[in-house]
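Chemist: These protein sequence lines map, in sequence, to chains U and P.
For the first sequence, the residue numbers in our numbering are 1 to 168.
For the second sequence, the residue numbers in our numbering are 1001 to 1168.
Think of the hints as simulated: they come from the structure by calculation, not from any bench.
Just so you know, these numbers come straight off a predicted model, no measurement behind them.
One or more of the hints may lead you astray.
Computed Cβ-Cβ distance ranges for the label pairs, DEER-style [unchecked claim]:
#, chain 1, residue 1, chain 2, residue 2, range
1, U, L118, P, D1134, 18 to 24 Å
2, U, K19, P, K1036, 27 to 33 Å
3, P, K1036, U, G66, 26 to 32 Å
4, P, K1128, U, G37, 36 to 42 Å
Using N, Cα and C, we set each Cβ at its ideal position, and we do this for glycine too.
2 protein chains.
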Amino acid sequence: MEIINRELTDFKERKFPDKICFKPIGIIHTPFKTLKGIPIQSSMSDAKGTIEIFPEYILGLKDLSGFSHIYCLYFFDMVKLPVPLQSKPFLDDEVKGVFAIRTPFRPNPIGLSIFKILEIKENNINVKNVDVLDRTPILDLKPFVPGFDNLQTNKIGWLQGKIKREVS
Amino acid sequence: MEIINRELTDFKERKFPDKICFKPIGIIHTPFKTLKGIPIQSSMSDAKGTIEIFPEYILGLKDLSGFSHIYCLYFFDMVKLPVPLQSKPFLDDEVKGVFAIRTPFRPNPIGLSIFKILEIKENNINVKNVDVLDRTPILDLKPFVPGFDNLQTNKIGWLQGKIKREVS
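Using the sequences provided together with the hints, build the complete structure.
Modeler: Now the structure itself:
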């Protein structure tokens, strides 16, 4: 985490929040108009879509076209709270803890996908590997950097031997 | 994105949100008590910390100990909005768009780190590779799965040739 002496809350004023609110920075347009048939991971999808960044954030897109991939954080707006804390994931028949699965039905329904950038035209980012419902609200974009983000591990718990290409 | 016919907002009721609110699921305890000296990426940190999941979410931790690493999503609670849409990142001297850098000073100040799981004891997860200020609110945990999340690419924009171990 980089923190410098820019606009910061003073430590004396710091208190732990009960509620944390965000405003969508954009909306994603995808071929997935219903909840059936959506790939369950971006790595399992060849679908294309367009992230429309709202005009007030367009200056934030400078330099993004130099990267091949982005992390996209979004809000699973179709999920109703509260969700069960344990449930069956797509790729197994036994109940798992919600923090050990990638289900959208999470206490905070935040999605994380990695998309390939195809082209950026003004406030529209054409992307590939889309696994998101059409008209999903976008919370953040971050550049994907293999030197920061790739990790070699064989310890993948209940997913061992279960990874196969699936759709919802 | 996995979506099934559980508790879902009806499509007829769906409307695009102005504001999206979450409740912290936990707090992270780290050695970084001030904003100086925090590693700028989890991959550049050997520091240890403890994610304390609030008791009401403890059932969600089932099966997580089978994984070696987790994505941790958190709230940069020290950042005051609005933030500039372009600024200088740690690793360069020229101004970049906020969505092309990993700064905490983002329109939605959501952090994303990958931590190694050392041990899970009840509602406490001891982790390594910590790059987060002490007492930061936690939003979500997801299992890290190389088959979903690792990507080979050399296209890393302005970061080309600039990745070195740094602290704030």
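Chemist: Run every hint past the structure and note whether it holds.
Modeler: Quick rundown of the hints versus the structure:
1. With their beta carbons about 40 Å apart, L118/U and D1134/P fall outside the hinted range of 18 to 24 Å.
2. A hinted range of 27 to 33 Å for the beta carbons of K19/U and K1036/P is consistent with their spacing of about 29 Å.
3. Between K1036/P and G66/U the beta carbon distance is about 30 Å. The supplied range of 26 to 32 Å therefore holds.
4. K1128/P and G37/U have their C-beta atoms about 39 Å apart, which keeps the hinted 36 to 42 Å range intact.
Going down the numbered hints, you'll see the structure goes against just number 1.
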